[in-house]
Structure formats: C-alpha cells, structure tokens
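K.L.:
Below are the chains, spelled out letter by letter.
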Amino acid sequence: MNATSCNTAVLAQQRLQPDICRLTVAWAPSAGGHIPHAGQFFMLRAWPADQPPLLARPISVHDFDPATGALTFLYQIKGQGTTQLAALQPGDTLSLTGPCGNGFDAAALAAEVAGDALPPRKIAVVGGGIGVAPLLLLCRELAAAGVKPDLFAGYRDTPYALESFVGCCNQIYLATDSGVAGYHGLITGVLHPAQYARVLTCGPMVMMRGVYALCAEQNTPCLASLEGKMACGLGACLGCTCHTKIGPKTVCKEGPVFDAGEVFAE
Amino acid sequence: MNATSCNTAVLAQQRLQPDICRLTVAWAPSAGGHIPHAGQFFMLRAWPADQPPLLARPISVHDFDPATGALTFLYQIKGQGTTQLAALQPGDTLSLTGPCGNGFDAAALAAEVAGDALPPRKIAVVGGGIGVAPLLLLCRELAAAGVKPDLFAGYRDTPYALESFVGCCNQIYLATDSGVAGYHGLITGVLHPAQYARVLTCGPMVMMRGVYALCAEQNTPCLASLEGKMACGLGACLGCTCHTKIGPKTVCKEGPVFDAGEVFAE
Amino acid sequence: MSDLRVPFLGLEMAGPVVAASGTFGFGPEYQDIEDLRLLGGISGKGLTLAGQPGNRGERLLETPAGLMNSIGLQNPGVQHFIDHELPAMRALGTTVWANLGGHSIEDYCTGAAMLSGTAVDIIELNISCPNVKQGGLAYGVRAADAAEVVEKVRAVSTKPLVVKLSPQAESIADICKAVEGAGADAISLCNTFQACAVDIEKRRPVFDNIFAGLSGPAVRPIALRMVWQAVGAVNIPVVGLGGITTGADALQFIMAGATAVQVGTANFIDPTACVRITKEIAQWMDAHGVANLAEVRGCAR
Amino acid sequence: MSDLRVPFLGLEMAGPVVAASGTFGFGPEYQDIEDLRLLGGISGKGLTLAGQPGNRGERLLETPAGLMNSIGLQNPGVQHFIDHELPAMRALGTTVWANLGGHSIEDYCTGAAMLSGTAVDIIELNISCPNVKQGGLAYGVRAADAAEVVEKVRAVSTKPLVVKLSPQAESIADICKAVEGAGADAISLCNTFQACAVDIEKRRPVFDNIFAGLSGPAVRPIALRMVWQAVGAVNIPVVGLGGITTGADALQFIMAGATAVQVGTANFIDPTACVRITKEIAQWMDAHGVANLAEVRGCAR
Ligand SMILES: Cc1cc2nc3c(=O)[nH]c(=O)nc-3n(C[C@H](O)[C@H](O)[C@H](O)COP(=O)(O)OP(=O)(O)OC[C@H]3O[C@@H](n4cnc5c(N)ncnc54)[C@H](O)[C@@H]3O)c2cc1C
Ligand SMILES: Cc1cc2nc3c(=O)[nH]c(=O)nc-3n(C[C@H](O)[C@H](O)[C@H](O)COP(=O)(O)OP(=O)(O)OC[C@H]3O[C@@H](n4cnc5c(N)ncnc54)[C@H](O)[C@@H]3O)c2cc1C
Ligand SMILES: Cc1cc2nc3c(=O)[nH]c(=O)nc-3n(C[C@H](O)[C@H](O)[C@H](O)COP(=O)(O)O)c2cc1C
Ligand SMILES: Cc1cc2nc3c(=O)[nH]c(=O)nc-3n(C[C@H](O)[C@H](O)[C@H](O)COP(=O)(O)O)c2cc1C
Ligand code: FES
Ligand code: FES
Numbered sequence: 674m675n676a677t678s679c680n681t682a683v684l685a686q687q688r689l690q691p692d693i694c695r696l697t698v699a700w701a702p703s704a705g706g707h708i709p710h711a712g713q714f715f716m717l718r719a720w721p722a723d724q725p726p727l728l729a730r731p732i733s734v735h736d737f738d739p740a741t742g743a744l745t746f747l748y749q750i751k752g753q754g755t756t757q758l759a760a761l762q763p764g765d766t767l768s769l770t771g772p773c774g775n776g777f778d779a780a781a782l783a784a785e786v787a788g789d790a791l792p793p794r795k796i797a798v799v800g801g802g803i804g805v806a807p808l809l810l811l812c813r814e815l816a817a818a819g820v821k822p823d824l825f826a827g828y829r830d831t832p833y834a835l836e837s838f839v840g841c842c843n844q845i846y847l848a849t850d851s852g853v854a855g856y857h858g859l860i861t862g863v864l865h866p867a868q869y870a871r872v873l874t875c876g877p878m879v880m881m882r883g884v885y886a887l888c889a890e891q892n893t894p895c896l897a898s899l900e901g902k903m904a905c906g907l908g909a910c911l912g913c914t915c916h917t918k919i920g921p922k923t924v925c926k927e928g929p930v931f932d933a934g935e936v937f938a939e
Numbered sequence: 674m675n676a677t678s679c680n681t682a683v684l685a686q687q688r689l690q691p692d693i694c695r696l697t698v699a700w701a702p703s704a705g706g707h708i709p710h711a712g713q714f715f716m717l718r719a720w721p722a723d724q725p726p727l728l729a730r731p732i733s734v735h736d737f738d739p740a741t742g743a744l745t746f747l748y749q750i751k752g753q754g755t756t757q758l759a760a761l762q763p764g765d766t767l768s769l770t771g772p773c774g775n776g777f778d779a780a781a782l783a784a785e786v787a788g789d790a791l792p793p794r795k796i797a798v799v800g801g802g803i804g805v806a807p808l809l810l811l812c813r814e815l816a817a818a819g820v821k822p823d824l825f826a827g828y829r830d831t832p833y834a835l836e837s838f839v840g841c842c843n844q845i846y847l848a849t850d851s852g853v854a855g856y857h858g859l860i861t862g863v864l865h866p867a868q869y870a871r872v873l874t875c876g877p878m879v880m881m882r883g884v885y886a887l888c889a890e891q892n893t894p895c896l897a898s899l900e901g902k903m904a905c906g907l908g909a910c911l912g913c914t915c916h917t918k919i920g921p922k923t924v925c926k927e928g929p930v931f932d933a934g935e936v937f938a939e
Numbered sequence: 012m013s014d015l016r017v018p019f020l021g022l023e024m025a026g027p028v029v030a031a032s033g034t035f036g037f038g039p040e041y042q043d044i045e046d047l048r049l050l051g052g053i054s055g056k057g058l059t060l061a062g063q064p065g066n067r068g069e070r071l072l073e074t075p076a077g078l079m080n081s082i083g084l085q086n087p088g089v090q091h092f093i094d095h096e097l098p099a100m101r102a103l104g105t106t107v108w109a110n111l112g113g114h115s116i117e118d119y120c121t122g123a124a125m126l127s128g129t130a131v132d133i134i135e136l137n138i139s140c141p142n143v144k145q146g147g148l149a150y151g152v153r154a155a156d157a158a159e160v161v162e163k164v165r166a167v168s169t170k171p172l173v174v175k176l177s178p179q180a181e182s183i184a185d186i187c188k189a190v191e192g193a194g195a196d197a198i199s200l201c202n203t204f205q206a207c208a209v210d211i212e213k214r215r216p217v218f219d220n221i222f223a224g225l226s227g228p229a230v231r232p233i234a235l236r237m238v239w240q241a242v243g244a245v246n247i248p249v250v251g252l253g254g255i256t257t258g259a260d261a262l263q264f265i266m267a268g269a270t271a272v273q274v275g276t277a278n279f280i281d282p283t284a285c286v287r288i289t290k291e292i293a294q295w296m297d298a299h300g301v302a303n304l305a306e307v308r309g310c311a312r
Numbered sequence: 012m013s014d015l016r017v018p019f020l021g022l023e024m025a026g027p028v029v030a031a032s033g034t035f036g037f038g039p040e041y042q043d044i045e046d047l048r049l050l051g052g053i054s055g056k057g058l059t060l061a062g063q064p065g066n067r068g069e070r071l072l073e074t075p076a077g078l079m080n081s082i083g084l085q086n087p088g089v090q091h092f093i094d095h096e097l098p099a100m101r102a103l104g105t106t107v108w109a110n111l112g113g114h115s116i117e118d119y120c121t122g123a124a125m126l127s128g129t130a131v132d133i134i135e136l137n138i139s140c141p142n143v144k145q146g147g148l149a150y151g152v153r154a155a156d157a158a159e160v161v162e163k164v165r166a167v168s169t170k171p172l173v174v175k176l177s178p179q180a181e182s183i184a185d186i187c188k189a190v191e192g193a194g195a196d197a198i199s200l201c202n203t204f205q206a207c208a209v210d211i212e213k214r215r216p217v218f219d220n221i222f223a224g225l226s227g228p229a230v231r232p233i234a235l236r237m238v239w240q241a242v243g244a245v246n247i248p249v250v251g252l253g254g255i256t257t258g259a260d261a262l263q264f265i266m267a268g269a270t271a272v273q274v275g276t277a278n279f280i281d282p283t284a285c286v287r288i289t290k291e292i293a294q295w296m297d298a299h300g301v302a303n304l305a306e307v308r309g310c311a312r
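Residue numbers (the numbering used here), protein chains in the order written: chain A, 674 to 939; chain B, 674 to 939; chain C, 12 to 312; chain D, 12 to 312.
Everything labelled a hint here was simulated from the structure, so no lab data went into it.
Misleading hints may appear alongside valid ones.
Unchecked claim - To give an idea of the interface, some chain C residues facing chain D are shown, with a C-beta separation under 8 Å as derived from the structure: (1) PRO75; (2) MET79; (3) MET125; (4) SER127.
Here a beta-carbon is modelled for each residue, glycine too, at the ideal position from N, C-alpha and C.
Model the full structure from these sequences, guided by the hints.
P.N.:
Structure (structure tokens):
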C-alpha cells in the first residue's frame, strides 16, 4: 500500500530486438514516490483515457538507480498496450502507478542463506524469456546484500539484456531453444537445485512449473513471480486472484512473488 | 452515388495558422475514383477503427488537380478528428470516401448567368471563415466555365488561403471582424446582391442567413452549402437530415448545396 | 476455399453478413463502394405504412465506442418503397429484407400484406425502435404484446418473417419463445439500446426525445449475451447483431449459435465493413480448415 | 469557491463522488494515491455473509470502451469485514458504505443486522451482481422479488439503506417504485450489464460462467437513461453510476437528477479518478457560477 500515481517523463527508450524494448523514466522518491524493489512492478499507461486499451499495463521494475531516480523497464511488445509503450520517445510523458506488490525480499533472502548451517549457501535466479526483466534488480539487491547469485537465463532464440547482469552475478548459465547460444534446450536442463539454498524464478508458467518440480525433488525452497490480468494493480479489484493452497491471493498485492509450492503443488 | 472508398497517401500537409491546415492527398480517378467537383466533400478518417472518434469527418474539396490527382482540403482544427488529421505527415495513409454530395454545378450556373437577358451577368461567391474552403474549386470551375466570380471573404481575424483565389476571381472583397484587414465588420456589409445574378455561399449558419436575407430583398437567387453531423456521408443513415420547405433532405446526398430559400425562408 | 453460403428461410444467402436496417439506406448508396453480391442481404431503412419525416433536433451523437441516434424512422412509406426504392434494391444481387415498423397492429398488418405482394425476400418486423413514441418498441417489451403483433402479421404475410427484438425486452428468453410460438420464422437481435445524453452546457438532454438508441462496438458484449440467450430459447434461426466490426466479432456471434449476423454502425466506421467482415470470416475459416460455417455454428455452447 | 458537500441520508458527504463497490477494495488501497477525504464515500467490496473465494477462470476482459468482470463476489465475509477491514476503512475520513450481497433473504437479513451494529454509515444492498449464481441478481429482475428482500432487510437494519439495482431489471421504473415502497432510503444504479464474450480460438466462452458483467464508458449512455428513469419514478435520492470517467460525465448524471454519483471502472483507467472527477466538477461549478450542486441537480429534466 505504498504505491503512488503520477505522470512522469521518458528519459530513454531503446530497442534491443524487434520486439524487446528498454524504457527508462524518471521516478522521484523525493516527490513522494516510494523506492521500488526487486520483483515489484508498476502500472504503465502512455495513452489517453479515452483510447484503447482501457487498462494500464503491469511491467516489472527491471532496474532502479536511487541516486538518479532512473527507473528502467524491460518489456516485450505483445499487443496494443506495449506497442504504445514502445512508441514513447524521450521527453514524452506517461502515467505510472507503483511500486506495486510484494517483490523479493533480497536482504532477508541473503541473510537467511548466509545464516544457513550448511552449504550450499548459494542462490539461483532463473529467468525465461522476458521473465528475466525483474531479475536484474533482484541480482543487484542480492549482490548488495552479500550473496551474488547464479543466473540461469533461458531464451527461445537470441538472448537480450544479459550484459547488465555481469557485474551482479556469480555465474551466468544460458540456454536457448534454438541452440543459437548457450545450452541447446530448456534452462531446466542445466539447473541443479540441490546446489542452491534458494531458487528464485520468473518466466512462462510452464517453465516455472518445471523449475518448481526440480526444486521440489530436492526440497530446495523456490519462490516464483507470477503474472495475471490486472485492472488495478493495487489489490482493489480482485481481478488477478490466483487460487493457491493457502486460499485465493491477489497476484498484484499479495504477490507477484509467491512460495512456488503454494501455487504449483498439486 | 458515385462515391468510392479507399486508403490513400498524404502528399503534403501545411499549417497556415495555428488552427488552419491544408492537406493534400492522392486521389486517382484512374483507379475508379470519381472526379470531385466544387461543393462536394469527402469523409476522412486517419485513425484506427477502434480509436475515437467513432465516425469519419466530412471535409469539403478545397482544390483538385485532375492532371496530378492532387486533392486538397483546407480545414480548421476543432476537436479530436481534425486534430488527428492535422497530425498526418507526407507518406502517412488515411481513408477517404467520396466524392460525396451534390455540389455546385458550376458549368450550369455559368451558362445560366451568361444567358441572362439583362446584366448583371456576374456571380458572387461569399465565404465566412473556414467556409471559404469549398469556394476555391468553385471559383476555379466558374472561371473555367467563363464567369470569373467576385469573392467575398469574411474572417474573424487574420485571413488565410486567399492567395489561391487570385487567378480565378474577378474581384476579392475582404472583411474581418477584428478590422485587421479589409472592411472592418461583417462581410454582409460589403455585399450588394442586386449587382449579381447569383450568390453562392458557405460559412457559419448565421452568416449564410444574413446573406440569404440580403439576396431575398433583391430577389437574387442564392445557393448555400450546409453542414450537419454525419455518420455515413452517403445518404444511408438519415443522420444529417435538414427539414426544408420541400421536406426532409439529406445534407450529405441531396445537399450540401441547397437553394437558400428552401432552407432559410421562414 | 471456404463456402460462405448460408441457407436461410428457404433462401440461399451468399454470405453470413447482412447490412443492418437504417445504416445502409436501401443499398444503392453502397453500390460503388463494395461488391454487394458478397453480402447475405440488405435490410432496408425501417418503413412505416405512411412514411414519416423523422425527428427534429439532434439525430446523432458519438459516445465511447458507440453511436446514439434519434432518426425517428424517417422513411418514405411502404407504397413509395415498393414503387421507387425496391426495384433498385432488388437489382443489387443480394437478398432484400424489408424492415417494417409500425404505429399500430393494423399498420403492421397492412404494411406486411402490401410487402407480401412484392419482390422482397424477407420481412423483418421491427418491434424495437426506441426512437419514436410509437416505433414498435411498445410491442417489444412484453412477450404477450410481441406475440400478438407477430401472430396477426403472420396471418396476413406470405413472406418469411424475421422478428427484430429489442434489448429493452423484459426477458429475452420469454419474448423469443413468444414470437416463435406466434409464427416468427427467425429472430434478429438486437436493435439499439435505449440511452440518454445530457448537454451540460445547455443543461438539457441532447435529443429532443430525451432518449435515443445506442449502437456500435460499445454494446457488443451485451448484444452477444442476448443472442446467446435467444439461441438457447428457440428452435428457429437467430440473426445476431450489435457492434460487430470485424470477422472475429462476427464469429463470436456465430459460435454462440447465430445463423447469420447483421452489421450496422460499423458501416460508418468503414464503408466497406460488410464485405471486409465477410472476407475476414473467410480468411479465418481458411486458416482453421473450416469449410462451412455450419461446422462452428453454436460450437461455443 | 463552490461548495461540494452533499447532504445524503442524514450524513454530510464531502463531495458528490463515491467510489463504487468492487473497484476500490475497502479503501486503503488508494490511500497513498489520492486524498480520500475529498470523496463522498467509499463503497467497499461486495460482502456475503460467509465470504467466498470468487470465480475460477478468467476474471477480466477488455472490450471496446468497457471492461467485463467475473470476480464472483470474492470477499472475506461480513464478520471478517467487521473485525479486520472496517476499522481501517472507518479511519479514511469519508463515509463508509458496506455493500452487501446475498444468497438468500435470510443471508441478507443476517448480514444487514450484523452491519447495523457497527460503525458503517450506509448499507448498500446489492441485489444486482450478475456474476454468481446466487449473487442477488435473482432479486434484482422482478419488482416483487426486490420489494420482498428490501422489506425484510429494512425490518432488521438500523442503517440507511441504499438499494443497488441491476440494468437487467424488467422495468427500471417499476423496480424503483417497489424498493421505495419497501423502505429503501435511496437507490443506486446501475450495477454491471450482463454480457458475454466468446474466445474464437478456443471456441468457448471466455468466462467460466459464460456471462460476466460489463462496466465502463461503453455503458454510460444506457446507465444515464436508467438513472433518468429512476429519478422520475421515485422521491428518494438516486445515486447514479455507470461509466463515469470525467467531471462532465458526472454532471450529466447530476443534471438528470442524481444526488450523487459513483465511480468504478474509471479508477482502473486512472487511479486518481475519484478525486480528479471531484475537482473537475468543482472547476465547472466555479466557471459557471454554480455555488452548490443543488442549483443544477435535475436541471436537464
Ligand atoms: C506483475 C506483472 C509484471 C510484468 N512484467 C513484465 C515485464 O517486466 N516485461 C514485459 O514485457 N511484460 C511484463 N508483464 C506482462 C505484460 O503486462 C503484458 O505482456 C502486457 O500487459 C501485454 O499488453 P499488450 O496490450 O501489449 O498486449 P495485449 O493486447 O493485452 O495481449 C497481447 C497478447 O499477449 C497476451 N497477454 C496479455 N497479458 C499477458 C500477461 N499478463 N501475461 C502473458 N500474456 C499476456 C494476450 O493474451 C494476448 O495474446 C508483466 C505482467 C504482470 C502481471
Ligand atoms: C459537408 C461538410 C463539409 C465540411 N467541410 C469542411 C471543410 O472543408 N473544412 C473544415 O474545417 N470543416 C469542414 N466541415 C466541418 C467539419 O466536418 C467539422 O469541423 C469536423 O467534423 C469536426 O470534427 P472534430 O472531431 O475535429 O471536432 P469535434 O470533436 O467533433 O467537435 C469539436 C467542436 O466542433 C463542433 N463541430 C463538430 N462538427 C461540426 C460541424 N459539422 N459544424 C460545426 N461545428 C462542428 C462541435 O460541436 C464541437 O463543439 C464540413 C462539414 C460538413 C458537414
Ligand atoms: C442511424 C441508425 C438508424 C437505424 N435505423 C433502424 C431502422 O430503421 N430499423 C431498425 O430495425 N433498426 C435500425 N437501426 C438499428 C440497427 O439496425 C441495429 O439494430 C443496431 O444499430 C445495432 O447494430 P450495430 O451495433 O451493428 O449498429 C438503426 C441504427 C442506426 C445506427
Ligand atoms: C471488478 C469489478 C468488481 C465489482 N464488484 C462489485 C461488487 O462487489 N458489488 C457491487 O455492488 N458492484 C460491483 N461492481 C459494479 C460496480 O460497483 C459498478 O456498479 C459498475 O462497475 C458500473 O460502474 P462503472 O462503469 O463506473 O464501473 C464491480 C465492478 C467491477 C468492474
Ligand atoms: S489487479 Fe486488481 S486486485 Fe490485482
Ligand atoms: S450522413 Fe448519413 S444520410 Fe447524411
């Protein structure tokens, strides 16, 4: 409940691949905005109230620089909303509501892992496709908290945005469906949860289910960041509810990060 | 019923005043399009089907060059539709339906006037504000038919688009509400219908009523080009009906040019 | 190649898309704009027995994704239609639907009897115009009233009878069953939604009649619900309409069980809409290996 | 400076804009986003006696200028609300409306009695949720059914009772008169419009319940018509809603006679909508020399 809403300016827009963009906007905690953390997201709207789509679009925080207030999103062009986001130019304004949701508590995770009685005192961060978007700030925050994670990133084809991860990760494992780079196959082919104290994941549901299944075999705790259609992003409409083992939960407010066992276990 | 509909390319867009634009598009009679005549109009749409406004916008033919197929509109930015027209750049496409309506039959008018037994064998063309838009092609067609008309043009403030009229008019009388140019006052202050065989007018309703009143006093036949909210522009929806002395008439198909007496007489 | 033909009340329509009444004149208006032979049919402007000049004041208003109209059944009258508009309409190469409104049951019956002696293919009985005090909506609210007018018209009409229903009906299912029982050959729905707009600067309603009819994409999800209910209620064909602007929209109605669709307001968004939608349906069928719409009609139920 | 206060059922609301049920949580969700003290009130998420998890499957779908939802009254139950959500809601500095749905007349009565013993300001009786088999819509179609539930709830409730009506009512005027007669203190309308969407690729309805509720700008002209009819039918205050997104929209409802308005879907288009709309109303009043909304309420009639 610390989301605020305002109009803000586009600082930069970059096209990484035909359908992948990186958008940086100004987000000033000084003006009442709260500092966004890993796994949180914003509701973005860059089109007039009377133009489609009706709803704002949820996009995860990819990166945030508290010093400059530069807030970066990494997103894939899917339909009407993201197409209009991609048309934004520096100087244009858009409306932002956030930071929304319960992200990853990197400090707590790092402390838990560091305090474990036995090794592995390591964290794996596993992303699939555009699911890598929220993982950059996660890796940064984990590294800052003392546990540089290993990144596992799976792509369909040519990878993107990986260079940013170099400084804040221990190892980077890459897999592609097409075999164009890294391991030829699914990222779950190179992930060994037994070697990690925690696995944190974001990506397509089918991938996250696969990651969770591996983790469950090894009893490795796994957190997953979910998606869902959202109207408010604030826990107010109950449009994004997912039915978990512990009852109905709003992805936007009680998530998007959940204990994978609570959402994926049969 | 010779309107056709197609997408076409913007050739030029010019801003004459902060709210006045001139747009030239390609209209190829060779590809089945009919040659537009004075007083006819097109339904223009430059925004996707799912974006507001719902309806296309009627804009009169300002000029047409049959040699090149360059079709020119002169329009005032009023709201959502014309704002989007004004954003068009050369190379953009828009959808056009037309030519719509019964315009001025310049050839017949010129022939009638020339055949009059007595003088005055002259035609006055009277425009107010953006109502001058359809008058350029009218003057050109009258001139080509042998009767160069006198133009009476009234503006609120700084006039626009007048230079185009120079070659095809006999005299140009100018009036402005602000007094910035020409006669200081209403254009009806300088119009003397007794000196003309026909008065042809387009502009705000209040101006056209004034012109008609002057003409009626002198028994000078007067034709007026009306406006109306339009959905189809084709005579199909009956949304633009005006109630005339000779019954309900569609402005879009039976007009927009009417015998002023039929619409303005009490 | 997909086969778009739709058998309908003993006729064969060339495609599933019929131009909706009041949005397409009597057809010739669109003749130079699109190939009307690809249409399933054209429903002409709503007729009344004696004709009428329609409403005064504002007639059109754009709303979010919708259009309000208060035309008020301006029309030349049944006899004028038969003498002057029908011949040209008949020549367009598609089925001719005469849309008939009325001020009284007698008017409806006289008009229907007159049309029965002509070359029209179908009489579409409009008991749902919200824009005139006596535009038929009086008969479109209660099932019993609808049944009465349909039964009487049925008795004097030799043409296939499509009854066009109103979204203001008390119960869609009940009124559908009632008009089926009274002899309707098919049902079309829905007509425009009774709506209101206030001009806040003038501090009065935009329309002289206070209420006007809302159509267009805005109402599509409600219209589809009503079509779903109608298909579930009766065994006669249902023609679905309300806000259809794309082939995908039309397929929603067909998968809900509609035999054919009508396209109204979309003609104003894109004057080639009827043919474009027909082609989009054909493309979808080709891409999905659907040879005939019968394969998917009602498949979502 | 214009005075935005609205006297309502013995309360004084700070402004004419109330956040609509189901779109605003219980209020705290918007606390950091806008100054909630400027609102007339907040209607909380619809409650049922025992609470329920809501619907499975898709819950949201965007439509042209509209939103379909099939939340299915997910809520924590009346007692949980009283114990856990109400205190925070009460602290927001605006009037608290408890929106109450029900599965049976007994449920409605028990819930209303429980809420009567609390700090809520108003009970908004929701007899109009289209999204659950027993969401109250059963009571929102026929005037006699509505009157029955309102009368019974009235008897056990000591709070002001606003009855929220459905656009699916057989007759707006009749149902309004019936609930007025049964003791309603005010009427709010309308709830969402029953609508349908088909996923043409999956060839089945988008929503597990087949039908879902349509809201947003698309429905505004129809909602305004119903509010116009309601105001004409009764002498109790009418709270108007449906698609209001701007101050000008709200003024249309007020000029049609609404005492106050509610804003729902617009909160999703712009999370500051309630306060923005309030300010736009104030600006219009200032620009037009209107000191109090009473000067223009119903002026378009
Ligand atoms: C909490 C959260 C965080 C997110 N973070 C990011 C991010 O950092 N980067 C990013 O690129 N995307 C992210 N997404 C997904 C993003 O919100 C959707 O891709 C976007 O809303 C699509 O909008 P659109 O209008 O472009 O496409 P639409 O026209 O709405 O949809 C186009 C196609 O994409 C599908 N689609 C729509 N929404 C989603 C969704 N939520 N998930 C999967 N498929 C969808 C539709 O079914 C449709 O087939 C996030 C979603 C959530 C809920
Ligand atoms: C046959 C015909 C020919 C026309 N030719 C020209 C032309 O050559 N050049 C030109 O600039 N305009 C012309 N117009 C007017 C033009 O169509 C409107 O100005 C335009 O539709 C406004 O659309 P919008 O979306 O920009 O404004 P909207 O948002 O629709 O309206 C903005 C404001 O303008 C007013 N308005 C809207 N439509 C009209 C109208 N038809 N007449 C007067 N006021 C209106 C509205 O009431 C509102 O106050 C013509 C109209 C007709 C019917
Ligand atoms: C301008 C206009 C005029 C209409 N006139 C008639 C009519 O005369 N008879 C009739 O049955 N329906 C009439 N309708 C209703 C349409 O035929 C159709 O039922 C309605 O618009 C819903 O479909 P749509 O959303 O595709 O337009 C009219 C609609 C519009 C917009
Ligand atoms: C997501 C959502 C949930 C809703 N839940 C409720 C509810 O629990 N109780 C209720 O009375 N109305 C509920 N409504 C209806 C709204 O309160 C309102 O009546 C309707 O949306 C029309 O107003 P609008 O167009 O401003 O949204 C809900 C609407 C939406 C969009
Ligand atoms: S998006 Fe509204 S509750 Fe999650
Ligand atoms: S705009 Fe449709 S008849 Fe004139």
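K.L.:
State for each hint whether it applies.
P.N.:
Against the structure, the hints come out as follows:
| no. | hint | in the structure |
| --- | --- | --- |
| 1 | PRO75 | holds (4 Å) |
| 2 | MET79 | holds (6 Å) |
| 3 | MET125 | violated (34 Å) |
| 4 | SER127 | violated (34 Å) |
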